[in-house]
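Taken in sequence, the protein lines are chains A and B.
Take 3 as the starting number for the first sequence in the numbering used here and just add one per residue.
Take 1445 as the starting number for the second sequence in the numbering used here and just add one per residue.
Read the hints as simulated data drawn from the structure, not as lab findings.
Some clues are possibly wrong.
EDC-like, lysine to aspartate or glutamate: derived pairs with alpha carbons at most 16 Å apart [as the list claims (entries may be wrong)]: (1) A:K102 to B:D1498; (2) A:K5 to B:E1523; (3) A:K102 to B:D1500.
All figures in this text were calculated on a predicted structure; none of them were measured in a lab.
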Amino acid sequence: SQKIEQNSEALNIQEGKTATLTCNYTNYSPAYLQWYRQDPGRGPVFLLLIRENEKEKRKERLKVTFDTTLKQSLFHITASQPADSATYLCALGDFSNDYKLSFGAGTTVTVRA
Amino acid sequence: DAGITQSPRHKVTETGTPVTLRCHQTENHRYMYWYRQDPGHGLRLIHYSYGVKDTDKGEVSDGYSVSRSKTEDFLLTLESATSSQTSVYFCAIRSGTGGTGELFFGEGSRLTVL
Chain A
3 SQKIEQNSEA LNIQEGKTAT LTCNYTNYSP AYLQWYRQDP GRGPVFLLLI RENEKEKRKE
63 RLKVTFDTTL KQSLFHITAS QPADSATYLC ALGDFSNDYK LSFGAGTTVT VRA
Chain B
1445 DAGITQSPRH KVTETGTPVT LRCHQTENHR YMYWYRQDPG HGLRLIHYSY GVKDTDKGEV
1505 SDGYSVSRSK TEDFLLTLES ATSSQTSVYF CAIRSGTGGT GELFFGEGSR LTVL
């Protein structure tokens, strides 16, 4: 069965540094991958989408890469700020599956001032 | 704001009792989803709907049923709640008509089964 793994450990970084999160998957060939942010007690909020034929996408201080050979996506938060502290979820989808997304367990990021 | 509301937001119930969670949207989206979120497991799909009266199972559907009698409402029912169903439940709607539309989530319903 398909498996999605994100950094198992929480990430603790200094303000201004770059946070790098990983999302690895097996037994799956997603057509696209999405990243969400989730704050405590809230629902996830969509951040970025990257398709299988795209290597990299950027949005402000966020950058996502997608390597279908390695079966991995990397999510970067550059010039991190305390307000970036949250849990980040990756989600994989394809076009044949009624638009169902499969989510990783998430990585919690804490940015220290 | 995607116009999704979940109710109740918090509920404590006893094993064996029925529970219904409601998801209401104001956006007229076709696809609606129910997920549960547990530590270490992330979000797991319970059931989803692709139109009025059109529903299908997700990966963890045992013990749950759903109904969608009108576009705006998607109900999740636990016929006889068990302690393993203690979780946070999220409803989501899918935006757009393309295949890669993002999900908009509600604020969650925290259910505790004693």
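(message) Next pair to validate is K5 (chain A) with E1523 (chain B); report whether the Cα-Cα distance is within 16 Å.
(response) Violated, at about 30 Å.
(request) Decide if the proposed pair is consistent with the structure: K102 (chain A) and D1500 (chain B), CA atoms, cutoff 16 Å inclusive. (result) With a Cα-Cα distance of about 11 Å, the restraint between K102 (chain A) and D1500 (chain B) holds, given a limit of 16 Å.
(request) Would you mind confirming whether the straight-line C-alpha gap from K102 (chain A) to D1498 (chain B) stays at or under 16 Å? (result) holds, 15 Å
This entry does not satisfy hint 2, going by the numbered hints stated previously; all others are met.
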